[in-house]
Amino acid sequence: MGLLQAFRLSVSAMLAKKLRSFLTMLGVIIGVFSVVALISLGQGATSLVTEQVQAIGSNLIVVNITGRGARSGLTLEEALALASRPGVSAVAPMLSGQATYKYQAQNISASLSGVTPDYNAVRNHNIAYGRSLVAADLDHRQEVAVLGSEVAQELFGRENPLGANIRINGNAFTVIGVLEEKGDGIGESNDNRVLIPLTTAQRLLRNMNISTIYIQAESPESVDRAVVSVEASLKQIFRDEDAFGVFNQADLLSTVNQITGTLTLMLGGIAAISLLVGGIGIMNIMLVSVTERTREIGICKALGAKKKDILYQFLIESAVISGTGGLIGLMLGQLAATLVNRFSDFPTAVTFQVAVLALAFSVGVGIFFGIWPANKAADLNPVEALRAQ
520 MGLLQAFRLS
530 VSAMLAKKLR
540 SFLTMLGVII
550 GVFSVVALIS
560 LGQGATSLVT
570 EQVQAIGSNL
580 IVVNITGRGA
590 RSGLTLEEAL
600 ALASRPGVSA
610 VAPMLSGQAT
620 YKYQAQNISA
630 SLSGVTPDYN
640 AVRNHNIAYG
650 RSLVAADLDH
660 RQEVAVLGSE
670 VAQELFGREN
680 PLGANIRING
690 NAFTVIGVLE
700 EKGDGIGESN
710 DNRVLIPLTT
720 AQRLLRNMNI
730 STIYIQAESP
740 ESVDRAVVSV
750 EASLKQIFRD
760 EDAFGVFNQA
770 DLLSTVNQIT
780 GTLTLMLGGI
790 AAISLLVGGI
800 GIMNIMLVSV
810 TERTREIGIC
820 KALGAKKKDI
830 LYQFLIESAV
840 ISGTGGLIGL
850 MLGQLAATLV
860 NRFSDFPTAV
870 TFQVAVLALA
880 FSVGVGIFFG
890 IWPANKAADL
900 NPVEALRAQ
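FYI, the numbering for the sequence shown is 520 to 908, going by this note's numbering.
If you're looking for bench data, these hints aren't it; they were derived computationally from the structure. Check the hints yourself; a few may be wrong.
As the list claims (entries may be wrong) - Taking lysine-lysine pairs in the DSSO-like style, the calculated list, with each CA pair at most 30 Å apart, reads: (1) 754 <-> 536; (2) 826 <-> 754; (3) 537 <-> 825.
Claimed, not checked - Listed next, with one range per pair, are the computed distances between beta-carbon atoms: (4) 677 <-> 871: 40 to 48 Å; (5) 693 <-> 587: 33 to 41 Å; (6) 676 <-> 781: 38 to 46 Å; (7) 857 <-> 617: 36 to 44 Å.
Backbone N, C-alpha and C fix where the C-beta goes; we use that ideal spot for every residue, glycine too.
Please construct the entire structure, taking both the sequences and the accompanying hints into account.
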């Protein structure tokens with residue numbers, strides 16, 4: 520018996536008992552669907568976070584100051600002095616807080632960031648219209664503001680905000696610009712914020728300590744050199760390595776990829792358990808099928824079928840059932856990923872590698888759990904099989 524003939528007989532046997540075949544492959548369908556859906560979600564999460572990390576700036580280094588003892592941050596002068604360190608191209612210290620914003624009858628709450636003129640360049644922010652902050656705004660503690668796109672929309676709608684006066688925590692500020700829409704970043708919204716001069720923010724928030732500094736290295740090759748030189752300066756200031764943390768994009772991406780990769784494997788492994796349960800269901804049904812077709816097996820052997828022919832027949836039948844279930848599960852997983860993409864901003868996709876792996880694993884499960892029933896069928900004595908009722 521050739522493999523093609525065995526495949527045709529397997530399909531005929533599956534179609535002869537459609538309901539039982541469907542119920543048998545249901546576990547495989549659920550298993551493959553779960554694996555494909557969860558892996559695509561995990562890969563989507565990795566892609567989303569990677570984009571967010573890359574969007575925060577080029578050759579970016581982030582300094583977080585926790586402080587020790589009486590010192591809980593840097594002064595503006597100390598932060599700006601880091602620009603002279605080897606490998607450093609630009610420095611953008613930031614002072615953050617929450618604030619309320621009022622324009623006419625509109626009242627909202629959003630993030631407030633006190634920044635320097637280099638902030639937009641370091642963080643890859645662009646001005647949609649108007650102007651950005653300049654050195655004179657810091658020197659004279661000007662009460663001017665650059666609005667994030669979301670804040671501008673909520674406060675002004677379609678009205679042009681340039682030159683308008685808004686109140687930030689009750690203080691009058693003049694709108695001088697609006698940022699281009701950028702989307703969410705790591706743990707923050709880039710659009711639901713307002714930028715004001717850092718010196719003005721120190722007075723408004725009553726906080727002189729700077730605890731966050733964004734640093735741009737001269738080139739990708741100089742990032743490590745810049746990190747070392749910045750760490751050396753901070754050690755001289757704080758005398759304690761635990762008082763600050765210095766991170767670069769490579770560190771963030773590596774950490775994120777490790778977390779999302781581990782999570783994806785864990786979720787995929789959990790989902791694969793249902794696929795194994797489906798394989799056990801296939802084995803049970805194939806054992807029942809061997810019992811039901813004992814006389815048929817005896818006739819085949821009496822007509823000259825060899826042991827390997829019977830073995831191949833039942834293995835292929837088991838593989839066809841599990842493979843069909845895997846294909847249905849894969850299509851459902853692709854449908855789920857498409858729906859998530861259409862109705863949300865979360866990027867999901869079933870890659871070719873995932874599809875091939877899911878189908879191969881489902882067929883492999885069918886073959887593995889079909890070995891015992893196939894051997895049992897192949898080992899039947901033809902004389903005893905012909906006597907079976």
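Outcome of the hint check:
With a C-alpha separation of about 75 Å, the suggested pair residue 754 and residue 536 falls outside the 30 Å cut-off, and the hint is violated. Between the alpha carbons of residue 826 and residue 754 the distance comes to roughly 77 Å, so the proposed pair goes past 30 Å and is violated. Distance restraint check for residue 537 and residue 825: the Cα-Cα separation of roughly 28 Å lies within the 30 Å cut-off, and the hinted pair is therefore satisfied. For residue 677 paired with residue 871, a C-beta distance near 45 Å keeps the hint of 40 to 48 Å intact.
A hinted range of 33 to 41 Å for the beta carbons of residue 693 and residue 587 is consistent with their spacing of about 39 Å. Between residue 676 and residue 781 the CB atoms are about 45 Å apart, so this pair conforms to the stated range of 38 to 46 Å. Look at residue 857 against residue 617: about 38 Å separates their beta carbons, and that is inside 36 to 44 Å.
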